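Work the whole structure out from these sequences, hints included.
Residue numbers (the UniProt record's numbering): 1 to 712.
Derived by calculation from the structure, the hints in this document are not laboratory data. Source: prediction; values computed, not measured. There's no promise every hint is true.
What follows is a list of derived Cβ distance ranges for each label pair [as the list claims (entries may be wrong)]:
1. E271 - R585: 25 to 35 Å
2. T664 - A521: 39 to 49 Å
3. S258 - R585: 51 to 61 Å
4. S258 - K155: 38 to 48 Å
5. R376 - N315: 14 to 24 Å
Glycine included, each C-beta is placed from N, C-alpha and C at the ideal position.
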Amino acid sequence: MDSNKGSLLLALLVIVYASAVVCLSQDGEGGGNDQTGQQQEPLKKDVLGSTSLASLSSSARLGAPGRAMMNFSSRHYALLGTKALHDDPFVINRLEVIPVRNITTRLEHGVEISVSPSMLLRSGEWVTVSWKGVKEPSVYDWIAVYVPADADPSKVAPVKYKMACNHPDHVKYGSGSVQFRLLNMRDDYRFVLVRNWGTKPVVISRSNTVAFSNYDEPTQIHLALTGKQGEMRVTWTTRGRGRAPYVRWGMTAGDYTSSSPANTTTYTRTEMCGGPARSIGWVAPGYFHTAVMNGLTVGTNIFYSVGDDGYAHSNPKSFYVPPNVGPQSTVRMLAFGDLGQAEVDGSNDMAESMEPSLLTARRIIRDAYMDDDSRRQYGLLVLHAGDISYARGYTCQWDVFFDEIEPVASRVPYMVSVGNHERDWPGSGSLFQVEDSGGECGISYGRRLPMPLPSLPPPLSPLIVHPSSPVLRSRKLLSSSSSSSFSSFLTLFGMKETTDVLLEGEAEVESANNALKNAGADTPWYSVDYGPIHFVVMSTEHDFKAGSAQFSFLEQDLASVNRRRTPWVIFSGHRPMYVDSTDDRPVQGDNPVAEQMKRWLEELLMTYRVDLAMWGHHHTYERTCAVYRNKCVPPNSDGSFNAPVHLVVGMAGAGTCDNVRPVTPEWIEYLNTEQHGYVRLMVNATHLGYEFIGNSRGEILDRGFITRRFLW
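Shown next, in the form of structure tokens:
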């Protein structure tokens, strides 16, 4: 989604107006109800003593005490006479509207601002910011938060902010207090009181500093598959490189019998391509450590801790080793795109367009923490189809994103694909010459989220199933109108296959990656096996036409899939090949991109019998029929079909899109432009089931099955 600079000033004026609405709508600090009128749940403390995202109710953010709820959504665009394209015509990150270079400092005598406590033990602890002595207080006064503490407000954007009128005494008496939840961003914090939320802000008072006891506390812990059975990759962040960072693991928390050293990397300001990533949005990102746990036994509950002797180690975390690759396994997964992030403490008051990400995170946390027997038997994998954090050059938003997903990502493999808001920047090698990444140009994404390398499988063998093979005799789609309930679906999946299947060997092939050697490190496409599924993940932000390195990889990878080993193929990327959208802008519009993807890639999906394709980018949930060349493929006499089903799953967190056609295309079977949520899948050798889970009540809004019968 490309930036729309021409609407930034309009957005700023709207947010200035909205901030006044927030303050004028205050009903006091004792509110305690969210916008649904439900009593807020109390904040619960985790074992670290800090507030865990997993324990935060949706109302803790969506109905924060003392603030009116304003969803900056399609109805606001309509109010302004502006069409709400999925590219968010104003801003994605509300830090972008702060006129940093217009901020001046004129400290006012008698105005005091202070923060307590001034020393924090763990990331995610809370502080109280208090102020007094403000003469002529206004609804446009605000509290800005800076890292590092000595940052110049005229050169660096704050990492978060709140309107001072969140406290009802501010406008009346020029005093008040608010609470902030602080992440360990590897440096000291300072709070400043600012007048004039708008075009010419003035800093009038500075607080004492807030420090963390250990800036090398491991944070942002997340897991990923490596592509090898019995392995799990873990990545974490600290302030310094450390001496010898490593992961240790075992069968019991605290009793670690194995360890593995970490590789360490980071990135610098000069590596950024431009924009806020290289200027006002820069905060030192720390160092990223990646280690691989190996020799893991399927179904085992592994406890692990990451860190560095002499610095710090994380508290124990755990995961279940995924099921074996092969048709004998049944697996679960969650899929979505465009999640983004939002502050759980009510910061960045006008950022409601991302607030649904918190509820999505909360619901997938429930899936990740389901009963042990289910996790042991079926495992769980998350697939995030691009537009990850929407940081767009503001480093601090990566910290917020990883804090939001860590309760999930530290327990299950979190697999991702690159989106336009991670990669695109003019002249950087991205396919689209737009500024959607805020100058990060894929570097932040690539260093923080290491995925399997884009390697190719061994050459074709007798066990590789060719497109014409009778092994792929039939596929059948059972639509959401099927009378089967999900409970019966689980029962069905409990019926294990007993057929012994010979799996392909592990022969090394020196020439397998020749097509990629000239592509350098900027190759964020890969494939990985998970239970009975072969996943192929592409980058829609890189060249994918015939002759490109990516096309060569995709073609050879799909041609080499062993369908007896992984009977299902799921294909994923960020921008969709099939989408109901009115975005016809040249080059990067939804429809021109979709046509190019059909031109170059649809034949691959058909030829190699891809079963399901999942995309993001358009912030809706959409399900197609089995479709090929814009036509639903008629079923065979036995009800089977031979074309992929496409799901657009870009509805996880960013503001929903309403730019759909007046007449829905015939190949769309289900479309939802209103609800945020995610997709839950369960797959065995013969059935692939999917459900769209809506955030508002957690209900199933769409359900379907694809079935396959094999000649073993």
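- Sort out which numbered hints this structure fails and list those numbers smallest first. none
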